[in-house]
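Full structure from sequences and hints, please.
Spelled out, the chains give:
There are 2 protein chains.
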Amino acid sequence: MLAVFRRLLFGAPLPTSRQIHERLPKFLALPVFASDALSSVAYATEEILLALSVVGAAAWGAAQGIAAAIAALLAIVAASYRQTILAYPAGGGSYTVTKENLGVYPGLVAAASLLTDYVLTVAVSVAAGVAAITSAYPQLVHEKALLGVLFVGLVAFANLRGVRESGWLFAPPTYVFIGTLYLTIAVGLFKVITRTPLDHAIPPGHPVVASQPLSLFLVLRAFAGGCSAMTGTEAVANGIPAFRPPESRNAATTLTWMAAILGSLFLGLTFLAHVYRVMPAPHETVVSQIARGVFGRGWFYYVTQYATAAILILAANTAFQDFPRLSSILARDRFAPRQLGNLGDKLVYSNGIVVLAAAAMGLIVMFHGDTHHLIPLYAVGVFVTFTLSQTGMVVRHLRLRESGWRVHCVINGVGAFATGIVALVIAGAKFAHGAWMVVLFIPSLVFVFHKIHQHYIELGNQLRLTEADLAGPMELTSTAVVLVAGIHKGIVRALRYARTLSPDCRGLYIEIDPSETPLIRDRWEKFGLGVPLVILESPYRSLVGPVIRYLEEAKRERRDQVVTVVLPEFVPKKWWHKMLHNQSGLFLKLALLLTRDIVVTNARYYVEK
Amino acid sequence: MLAVFRRLLFGAPLPTSRQIHERLPKFLALPVFASDALSSVAYATEEILLALSVVGAAAWGAAQGIAAAIAALLAIVAASYRQTILAYPAGGGSYTVTKENLGVYPGLVAAASLLTDYVLTVAVSVAAGVAAITSAYPQLVHEKALLGVLFVGLVAFANLRGVRESGWLFAPPTYVFIGTLYLTIAVGLFKVITRTPLDHAIPPGHPVVASQPLSLFLVLRAFAGGCSAMTGTEAVANGIPAFRPPESRNAATTLTWMAAILGSLFLGLTFLAHVYRVMPAPHETVVSQIARGVFGRGWFYYVTQYATAAILILAANTAFQDFPRLSSILARDRFAPRQLGNLGDKLVYSNGIVVLAAAAMGLIVMFHGDTHHLIPLYAVGVFVTFTLSQTGMVVRHLRLRESGWRVHCVINGVGAFATGIVALVIAGAKFAHGAWMVVLFIPSLVFVFHKIHQHYIELGNQLRLTEADLAGPMELTSTAVVLVAGIHKGIVRALRYARTLSPDCRGLYIEIDPSETPLIRDRWEKFGLGVPLVILESPYRSLVGPVIRYLEEAKRERRDQVVTVVLPEFVPKKWWHKMLHNQSGLFLKLALLLTRDIVVTNARYYVEK
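From first to last, the protein sequence lines are chains A and B.
Mind the numbering: the first sequence is residues 1 to 609 in my numbering, read in order.
Mind the numbering: the second sequence is residues 1 to 609 in my numbering, read in order.
Just so you know, these hints were derived from the structure itself, not from any lab.
All C-beta atoms in this analysis are idealised placements derived from N, C-alpha and C, irrespective of residue type, glycine included.
Worth double-checking, as some hints may not be accurate.
[Said to hold, decoys possible] What the simulated footprint calls covered on chain B by chain A, stretch by stretch (three residues with Cβ under 8 Å from a Cβ of chain A suffice, anywhere in the stretch; the number is not a length): (1) 233-242; (2) 450-463; (3) 494-503.
[Said to hold, decoys possible] Away from chain A, derived, C-beta distances all over 12 Å, residues of chain B: (4) Pro13; (5) Pro15; (6) Ala90; (7) Pro106; (8) Leu160; (9) Thr253; (10) Cys409; (11) Leu445; (12) Ala480; (13) Lys489; (14) Leu533; (15) Tyr605; (16) Tyr606.
[Stated by the list, open to error] Now the stretches of chain A that chain B is said to cover, found in silico as 3 or more residues with beta-carbon under 8 Å: (17) 476-485; (18) 529-541.
This is the structure we're talking about:
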């Protein structure tokens with residue numbers, strides 16, 4: 001029945017031989033691998049303005065400078081990652097690069113950061129997607145957390161059913177998103193240049209209240225918030241094998257496109273936020289305000305909002321591809337539970353999908369589906385990963401000294417240095433806002449990886465067979481004990497079976513009501529097949545206690561032998577009949593499973609009516 | 001660990017030999033067995049007035065007549081029950097009396113009615129007790145259902161811990177309750193006689209609105225509500241063996257006292273409700289209004305409310321003694337699940353206590369802890385029981401024709417007739433208000449008893465051993481199949497064990513990843529102890545499917561043999577290690593337990609670190 005339900009829900013299983021890769025041309029690879037990074041323009045400008053809103057109208061000017069700095073940082077990181085892509089044509093995930101060049105533990109730090117990052121990508125992207133929807137439909141604003149959980153469930157379900165990174169699924173929303181935003185920016189700029197009267201979000205006469213002066217700390221905090229624009233940049237490096245040959249070259253080109261589009265959209269939107277005097281509002285996103293300012297609340301505005309929501313949910317989907325893959329690699333390397341490496345019916349790592357969905361749903365519920373509360377947790381892990389993988393590249397260049405290594409070394413060195421500084425800035429500026437959780441969580445996760453690895457290695461050593469294990473006596477003899485609750489047909493069957501197990505076979509009866517014992521004795525005489533019957537008193541009406549005590553004694557008597565306990569059970573025809581029988585057998589079985597060196601055997605008797 | 005927790009919660013278990021009875025003198029037996037009946041004066045007058053409130057001031061006059069009729073009915077029932085007590089000195093529960101005299105199915109109807117009645121006694125008494133408390137403390141009025149559930153839990157817990165019907169526990173609240181109510185009635189009457197100005201609940205100038213004229217239907221409905229005063233009357237007849245000798249005579253005397261006290265309190269309170277112009281109010285009980293009218297809101301008023309709450313909760317306790325006892329008798333007669341007959345650690349029928357508590361809590365939550373909504377369900381079952389047991393007595397007199405049988409026959413006949421009419425009146429008048437649930441539920445419960453009985457009888461017939469079962473070949477031979485997931489120390493142990501089970505022993509390996517198979521084959525060659533290894537492909541990566549198919553085939557090949565499946569398991573040292581291993585063994589075990597004619601054996605290997 002469970003199998004039928006599973007089939008209905010997830011479709012027919014796929015044979016292992018179907019595990020193939022789809023090769024993507026660049027124009028399809030861009031939406032697949034860049035949707036995560038591109039989608040972050042939906043919230044990055046807003047995060048900068050949110051941190052600066054306390055300085056009033058001065059925020060808009062400062063935001064331009066911060067956005068420019070982030071765009072420059074993006075250029076550095078993109079240049080740095082091009083090196084990685086060219087050096088690791090088989091896929092340059094940060095875990096692989098760091099582990100290979102810096103050693104196992106830095107690699108695990110990178111892996112822990114990445115896994116944290118994927119969970120947050122799902123939570124933040126879905127929360128921001130929901131915010132795009134609730135900006136257009138404010139009546140839904142109180143259902144944010146619920147909508148978020150539903151979307152995560154939907155994406156997880158699609159992945160469990162085996163949705164692949166299909167270019168044709170990703171292309172339309174991604175290109176519509178890019179197109180609408182470029183059009184918004186172009187029309188907005190045109191209106192500014194032609195001095196068309198602008199539909200300001202905050203009318204120019206209306207004063208913007210400043211409660212604090214602009215300080216370095218506020219600038220750093222705004223910068224830290226804006227750095228969420230750069231999340232998802234590493235996706236192209238993970239996906240190299242999916243590109244058409246020459247894979248590395250095509251991937252590097254796609255990365256450059258992506259960085260150019262991301263940078264220009266981000267700068268454009270931040271500029272429009274300035275000229276349209278947009279400030280973050282509780283119930284409407286900055287992008288929604290800009291789009292409304294440029295086009296009014298017409299059909300084009302709704303297309304923008306839908307495309308934003310769609311690309312954000314696709315970004316979550318990217319994490320659903322990467323998290324299970326990385327955790328399966330960790331499981332293969334024995335740093336994560338083995339189950340994360342199981343291929344499900346649909347050739348996806350189902351357990352990883354479930355873990356990711358549960359963690360992301362938990363975060364969404366905990367933070368009431370609010371993007372602003374999730375963002376402070378977000379970028380730390382990303383920048384730690386950047387730093388480690390770029391440092392790894394530097395070490396690699398120094399080790400291999402391939403042609404042009406000096407230039408490459410400088411590029412990656414600048415990348416590693418810049419992202420390292422940024423990681424510290426983000427952790428410091430956002431520490432009190434939630435970054436402390438990530439700062440605590442990543443080392444804890446590395447510790448868990450370590451303990452898991454230790455367990456698997458120790459277990460392997462203990463279970464490893466050597467010639468010595470074949471020495472010593474090979475023949476065991478065993479004692480069979482049949483538990484007797486009453487004398488009926490099932491018992492005779494169990495006795496016949498028990499006699500095949502061992503020549504030393506006996507029945508064990510626990511006396512709860514002494515008045516029944518003579519009857520049991522009589523009937524055993526008649527139907528006991530000559531097997532001896534042991535009767536134990538139980539003044540406290542407990543079944544488990546006396547049985548365990550007897551078996552412990554039997555084990556002590558005869559060392560190096562096995563005691564097999566035969567539990568006669570009858571299996572009723574109808575499910576509700578089960579409820580009409582004492583479940584004492586079940587408790588006994590549980591207790592026996594906790595007792596060492598006893599083999600438990602169920603001898604079942606099927607009732608026909 | 002569970003055992004330690006249980007010990008802390010419920011105390012040390014008691015040996016079976018401690019199952020003795022406490023013998024009670026009459027003055028202690030009265031509180032123990034009459035608290036249920038006496039406590040119903042706390043709500044009976046209120047139910048009459050509630051039904052009549054639509055006729056305005058005419059309600060008070062009509063209530064006097066109805067109360068007098070109920071008092072007369074009480075006298076008839078008490079006289080009738082005296083016969084039962086004298087005829088059944090070993091305890092004249094309605095189930096026993098009805099089954100013995102009218103047959104099994106009428107007996108089951110009585111049992112179903114009684115069980116329903118006990119559940120409702122708990123629900124109604126606790127709800128009324130909570131109402132007494134919230135009358136004194138109106139700020140608690142919105143927590144009625146929660147308080148009710150807590151009280152039921154408390155009484156259930158005390159009973160699970162083995163609280164007995166201790167006279168010294170019951171006596172103080174019961175006698176305080178009787179004393180305060182008599183004092184209230186006496187002072188109230190004194191004020192009326194001396195023409196002291198009364199503190200009316202509704203001032204005489206204030207008109208009492210009538211929305212309907214007084215009709216026969218309203219009178220019958222009020223009568224039906226008032227009949228809740230008579231619930232609990234049968235408790236003395238159930239408890240005869242707990243009286244000091246001469247048991248029957250003492251029990252009969254106690255019953256007479258009880259009826260006299262109950263009748264006089266009921267009539268007195270109904271009269272005071274008239275002279276103090278008390279009408280049911282949403283947040284204060286009628287008894288609370290009367291006590292407040294007579295004494296003002298002083299300390300004596302609070303004593304009355306506490307005593308009322310206490311006796312009502314003791315009434316619930318009576319049901320907690322009777323329900324488990326009756327259901328254990330039904331279990332012994334094989335009409336109820338066997339587990340209801342299990343004596344727990346504390347020599348109480350723990351399962352019955354849990355079932356009763358769950359049902360009563362369910363009702364309290366369903367009806368928001370409101371006495372008025374529960375009462376319509378209440379009295380039907382009680383009067384059905386009265387009718388059946390009195391009819392049983394009539395049949396008994398006709399059969400035995402002991403001395404004076406004609407007079408006794410008339411007494412019981414009048415009782416049976418009167419209670420039968422009342423049962424119909426209550427079912428009719430309260431049908432739409434909830435009595436329909438009981439009218440449907442009692443026959444359904446009888447049907448369930450019937451099906452359970454049928455199952456146990458059929459099962460007994462099927463499992464019964466005869467000489468024929470000893471004919472035929474007594475020696476079985478078995479095939480042992482060891483499931484192999486990898487070649488490690490645990491496997492060698494399992495193989496050595498499997499070889500003791502059967503000379504026909506083989507290993508079974510399911511190939512999920514074909515690249516691992518050669519390694520497995522090599523290592524089996526070395527460590528397989530010469531046992532043959534069967535390798536099955538599994539293109540869909542399923543473990544369960546191929547194993548089951550192989551075993552089904554093996555069974556077909558060799559009929560009349562047993563296939564024993566040995567599952568090698570290793571038991572890790574720490575609980576969290578378990579989570580690090582595939583649970584595929586568990587799923588396989590579950591699937592095997594659903595497959596017929598296969599014996600499943602766990603060969604466990606203990607990991608030391």
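Status of the hints after comparison with the structure:
| no. | hint | verdict |
| --- | --- | --- |
| 1 | 233-242 | violated (count 0) |
| 2 | 450-463 | holds (count 7) |
| 3 | 494-503 | holds (count 6) |
| 4 | Pro13 | violated (5 Å) |
| 5 | Pro15 | violated (4 Å) |
| 6 | Ala90 | holds (19 Å) |
| 7 | Pro106 | holds (24 Å) |
| 8 | Leu160 | holds (15 Å) |
| 9 | Thr253 | holds (36 Å) |
| 10 | Cys409 | holds (39 Å) |
| 11 | Leu445 | holds (15 Å) |
| 12 | Ala480 | violated (10 Å) |
| 13 | Lys489 | violated (5 Å) |
| 14 | Leu533 | holds (15 Å) |
| 15 | Tyr605 | violated (8 Å) |
| 16 | Tyr606 | violated (6 Å) |
| 17 | 476-485 | holds (count 3) |
| 18 | 529-541 | holds (count 4) |
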